[in-house]
Amino acid sequence: MSGFSKGLGKVEVALRWDPSPVGSPAHDLDVIAAVYTASDPYGSPAYLVHFDSRSPDGTVYLSRDSTTGKGFGDDEVLTLEFARQPEAHARIVVGVVIQQRPDRLVFADIAHPEVHIREGYTELASDDFSAVAHSTAATVAEFVRTAGGAWEFHPALRGFDLAPDAFPAAMGARAV
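Everything in the sequence shown is counted per my numbering, starting at 1 for the first residue and increasing by one.
Worth double-checking, as some hints may not be accurate.
Now the in silico label distances, taken between C-beta atoms and shown as ranges [unchecked claim]:
(1) Ala131 x Arg174: 32 to 42 angstroms
(2) Asp128 x Gly71: 26 to 36 angstroms
(3) Ala108 x Pro56: 29 to 39 angstroms
(4) Glu81 x Asp128: 18 to 28 angstroms
These are computed hints drawn from the structure, not numbers from a lab.
Since we're looking at a predicted model, the values are computed, not measured.
Each residue gets a CB set at the ideal place from its N, CA and C atoms; glycine is no exception.
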């Protein structure tokens with residue numbers, strides 16, 4: 001690593017939403033991270049981190065996973081440790097997907113969805129998904145390793161109308 005910029009250290013992507021109305025099926029949103037290598041930064045991810053997995057090296061992980069939105073504070077929290085990322089990793093895209101059972105749901109159907117991206121006590125970005133209200137999934141952040149080795153954050157709110165299983169393959173594609 002060269003230069004004086006340390007870049008990002010440890011970042012949290014926190015997702016919250018309110019529970020669905022009484023008598024309605026629970027709304028389940030999931031945070032997903034796709035990690036890309038320098039040799040294929042827009043191709044297939046080297047690996048995915050989601051509710052049932054973590055990165056092989058432990059640098060990207062979920063510390064909370066809600067299937068209902070019930071409770072206080074954040075419902076799902078994804079942590080990314082950039083100081084420990086292997087040099088082969090060059091790009092990480094983080095997204096949110098709505099589980100589609102039993103009916104098709106979009107962000108406008110979810111009560112008060114919010115995402116907050118923080119490094120320590122500094123909020124890097126936040127969003128309420130209103131710009132992608134009619135989407136079933138969205139990317140929310142892109143983290144890129146610079147030529148000097150430091151990691152940078154780029155807000156990346158982009159909506160998709162895809163099933164949960166199809167979203168991970170599309171979320172890292174170049175925006176057109």
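> Range hint 32 to 42 angstroms: satisfied by the CB atoms of Ala131 and Arg174?
Replying inline: Roughly 19 angstroms apart at Cβ, these two residues miss the hinted range, so it is violated.
>> A range of 26 to 36 angstroms was offered for this pair. Does it hold for the Cβ distance of Asp128 and Gly71?
In response: About 19 angstroms separates the Cβ atoms of Asp128 and Gly71, which means 26 to 36 angstroms is violated.
> Lying within 18 to 28 angstroms: is that true of the beta-carbon distance Glu81 to Asp128?
Replying inline: For Glu81 and Asp128 the Cβ distance comes to about 27 angstroms; the hint holds.
> Should the hint that Ala108 and Pro56 are 29 to 39 angstroms apart at their CB atoms be regarded as holding?
Replying inline: Once the Cβ atoms are compared, 36 angstroms apart, the range 29 to 39 angstroms for Pro56 and Ala108 holds.
The structure shown violates the earlier hints numbered 1 and 2.
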